[in-house]
Amino acid sequence: MTQALRFDPRSVPSPSFVVDEGLLRANAAILNQVRRATGCKILLALKAFAMWSAFEPLRWALDGVCASSPHEARLGREEFGGEVHVFAAAYSEQSLTEILPHADHLVFNSLGQLERFRPLLAKAPRPLTLGLRVNPEHSEGHTPIYDPCAPGSRL
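Position in the sequence shown counted from 1, then plus 1, gives you the working numbering.
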């Protein structure tokens with residue numbers, strides 16, 4: 002669907018990030034319909050879109066955010082609200098300590114990683130749910146370096 006711009010792009014200083022709030026709200030409404038029809042949760046991936054000034058048009062339609070760093074987790078908690086889900090390929094004790102005050106859900110990349118941090122998780126300042134990525138041993142990837150099921154994968 003193509004909509005006419007509601008502003009003159011030549012009037013915007015360059016470089017600039019321009020977000021059409023009307024289209025953002027329309028897309029949020031579509032996501033909200035999907036959420037209501039399916040019962041799924043929809044999260045904003047902060048790695049892809051952390052423009053906190055545009056959170057207001059999205060906040061009502063999404064369940065929360067997905068963060069991958071302490072700063073993203075804090076941004077999600079303080080500026081977006083809702084649930085804060087966190088996944089990182091690996092955590093350090095320092096990063097996890099900074100994440101815990103903000104996270105509602107943590108996903109670990111391995112059972113070893115989960116066990117390593119279990120004592121720290123027991124001291125979390127808020128209730129947490131935990132997830133664990135699993136390797137289904139079925140490959141859909143075409144590029145071995147990005148395929149979590151490839152032999153010897155670091156993913």
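Fair warning: there could be bad hints in the mix.
Restraint-style ranges between C-beta atoms, simulated for each label pair [to be verified]:
| # | residue 1 | residue 2 | range |
| --- | --- | --- | --- |
| 1 | R127 | R60 | 15 to 21 Å |
| 2 | Y147 | N33 | 30 to 36 Å |
| 3 | Q95 | R37 | 38 to 44 Å |
| 4 | V13 | D64 | 28 to 34 Å |
| 5 | S12 | D148 | 20 to 26 Å |
| 6 | A151 | R11 | 26 to 32 Å |
| 7 | L133 | G153 | 49 to 55 Å |
Everything labelled a hint here was simulated from the structure, so no lab data went into it. All C-beta atoms, glycine included, are put in the ideal place defined by N, C-alpha and C.
For this session: List in ascending order the numbers of the hints, as given earlier, that are violated by the structure.
Result: Those not satisfied are hints 5, 6 and 7.
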